[in-house]
Amino acid sequence: MNTVNIRTGIRSAGRGLPVLGLAIAELVLFCLFVTAVALLGVGLGVLLVPALAVAVRAVVNTSRRTAARWSGVALPEPYLPPPAAEPGLKGQWQRTHWVLTDPATWRDLAWMLVNPVAGVVLALLPFALVVGGLGGVLMPAVYQPIADAGENYYLWVEISDMTSAWYAAALGLITLFAGLAVGPAALRAHAALARTLLAPTAAARRVRHLTDTRSDAVNSSAAELRRIERDLHDGAQARLVALGMNLGVAEQLLAKDPEAVRAILADTRKASAAALTELRDLVRGIHPPVLADRGLADAVRALAMDCPLDVTVQADLPGRAEAPVESAMYFAVAEALTNAAKHASADSVSIDLWYEGGALRGQVIDDGEGGADPSRGTGLRGIERRLAAFDGILAVNSKSGTGTTLTMELPCALS
Amino acid sequence: MRVVLAEDLFLLRDGLVRLLESYDFEVVAAVDNGPGLLKALLDHRPDVAVVDVRLPPTFTDEGLQAALEARRQVPGLPVLVLSQYVEQLYARELLADGSGGIGYLLKDRVFDPDGFVDAVRRVAAGGTAMDPDVVAKLFAKGAHRDGPLARLTPREREVLSLMAEGRSNAAIAQSLVITERAVIKHTSNIFTKLDLPVSDADNRRVLAVLAYIG
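Line by line, the protein sequences give chains D and X. At position 351 of the first sequence the residue is numbered 351 (the working numbering), and the sequence of numbers has no breaks. At position 19 of the second sequence the residue is numbered 434 (the working numbering), and the sequence of numbers has no breaks.
Treat the hints as calculated values from the structure; they're not laboratory data. Quantities reported herein were computed from a predicted structural model and do not represent experimental measurements. Glycine is no exception: its CB is placed at the ideal position from the N, C-alpha and C atoms. Please note: incorrect hints may appear among the correct ones.
Only some residues are given here: those of chain D computed to face chain X with a beta carbon under 10 Å [what the hints assert, rightly or not]:
#1 Trp93
#2 Leu247
#3 Arg269
#4 Thr277
#5 Val283
#6 Pro288
#7 Ala292
#8 Asp293
#9 Ala302
#10 Met305
#11 Pro308
#12 Leu309
#13 Thr312
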């Protein structure tokens with residue numbers, strides 16, 4: 001055993017101690033919480049359960065953090081998001097309901113029972129072995145008073161003279177090393193136990209993911225609607241008002257000044273063409289007409305033709321995905337093309353679209369500067385959010401100087 | 416001149432019929448859906464068809480498909496396609512058979528009746544009428560690459576755009592307010608600089624130019 005191992009062994013042995021305090025707190029809270037649930041029948045529980053849940057979660061979260069520190073794997077909180085509770089007793093009931101219907105609450109309770117037993121054994125075992133071992137090692141120095149007191153044992157060795165004291169010291173040394181050796185393993189086992197009970201279940205993780213992506217989708221579609229409303233209000237709508245006004249003036253002037261009417265009518269015609277252009281651009285941003293007409297492959301081809309770069313498109317799609325999925329992929333590819341032209345100073349881009357393993361896949365490869373960082377670019381974050389709403393993912397490979405490859409994946413069925 | 420018209424919105428259909436009749440066209444059929452269009456085209460064999468891209472029953476590119484199908488059965492059947500938006504993809508599909516008699520215009524172009532009717536007549540005569548928007552997008556792409564387009568003078572580029580729209584030399588001269596002789600000089604310069612085969616047939620010129628830039 002080298003020095004590093006001995007040091008981690010000693011540290012592991014010491015680390016188990018706080019678990020004891022935590023376990024006692026958990027045991028007390030367990031009793032309180034169960035009592036509070038029992039008091040639901042007489043109504044008092046409605047007041048106690050939410051308050052105790054806060055305490056339970058705080059203590060169990062401490063266990064989560066400790067286990068995460070030991071195992072190096074973060075344990076996210078698994079709780080359902082709190083409801084928008086009303087004030088007063090009704091809100092109390094809503095909160096109680098929220099606490100009691102969350103499976104994570106019951107898993108917390110199970111943990112608060114298991115940890116004081118199994119957890120404490122696992123955490124304190126190395127500590128006990130090390131301390132006990134030390135006692136044995138020191139035996140030859142202190143055996144005299146112990147032997148004089150009579151009938152004293154170290155493990156199974158009766159301490160009566162120097163020989164038995166050395167025998168105890170040898171046993172103590174083995175115990176000590178055993179304690180140092182099992183320390184890290186015991187901690188890992190404790191952390192694994194914590195992970196089983198305290199980590200979010202697959203269902204909880206799914207709920208969290210859905211909650212996040214849904215709120216992203218709702219927010220971005222609300223922002224989209226606001227933009228459309230503003231564009232219509234300031235653009236086409238305003239132009240139509242001006243158009244009507246001009247026509248009214250023309251009607252007034254018709255008899256008096258036909259020449260002026262001619263000029264007004266020419267202006268009006270121009271204004272109506274401008275309104276049409278604005279509407280056309282707006283429609284393209286909402287749902288591109290080619291996408292509606294022909295589907296994803298041709299829409300991306302049309303996009304490529306309008307792009308100033310050299311773009312090649314390869315599409316191998318045996319059918320069409322649902323409209324929202326197609327639209328998500330289309331706008332993701334459009335954003336990737338814009339990035340390539342705007343930020344990467346690319347000359348050529350190749351786009352691949354295919355369907356494989358139950359997912360619509362797209363790959364956009366440019367020969368630009370590279371170095372794109374999803375954590376900084378709002379464009380890439382936008383693509384990620386767009387795809388996430390359909391459980392899709394984006395992979396970015398963009399080393400500086402080697403161009404950028406974006407790979408997008410949208411699970412869906414084709415028809 | 417006999418026209419078949421396909422447009423699903425009653426107001427627009429009605430307006431187009433009136434517009435065409437005021438310019439002495441004879442509208443032999445005005446239909447509002449894709450299958451009806453194909454039947455009318457094959458039954459009437461009109462001198463020219465004016466077709467909206469998006470038609471019932473699918474409200475996708477039904478009109479375009481019917482027009483392409485009719486041209487497969489009656490090669491060179493002149494078709495002018497109207498749309499709320501223009502796409503290079505569709506322009507290429509329409510021009511693909513290389514037989515001329517093709518138009519592809521934004522609906523807004525109807526606001527200028529003289530220009531619109533001129534385009535209809537051009538298509539009926541076997542020529543080409545590409546929307547300036549399609550041409551402009553094409554040029555934007557051509558200009559991005561350091562191609563020979565950069566070697567053209569601004570005036571030559573103007574002439575080239577109008578050629579790509581399918582205008583005749585006379586029409587280009589009128590539009591730019593220069594003599595036809597000057598236009599001929601510009602075009603021959605352009606063909607030399609871009610190394611294109613010289614051609615007087617307007618739609619051949621369009622194909623050459625589009626193929627060159629695209």
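Taking the hints in turn, this is what the structure says about them:
no., hint, verdict
1, Trp93, "51 Å, violated"
2, Leu247, "14 Å, violated"
3, Arg269, "5 Å, holds"
4, Thr277, "8 Å, holds"
5, Val283, "7 Å, holds"
6, Pro288, "9 Å, holds"
7, Ala292, "6 Å, holds"
8, Asp293, "4 Å, holds"
9, Ala302, "4 Å, holds"
10, Met305, "4 Å, holds"
11, Pro308, "4 Å, holds"
12, Leu309, "7 Å, holds"
13, Thr312, "13 Å, violated"
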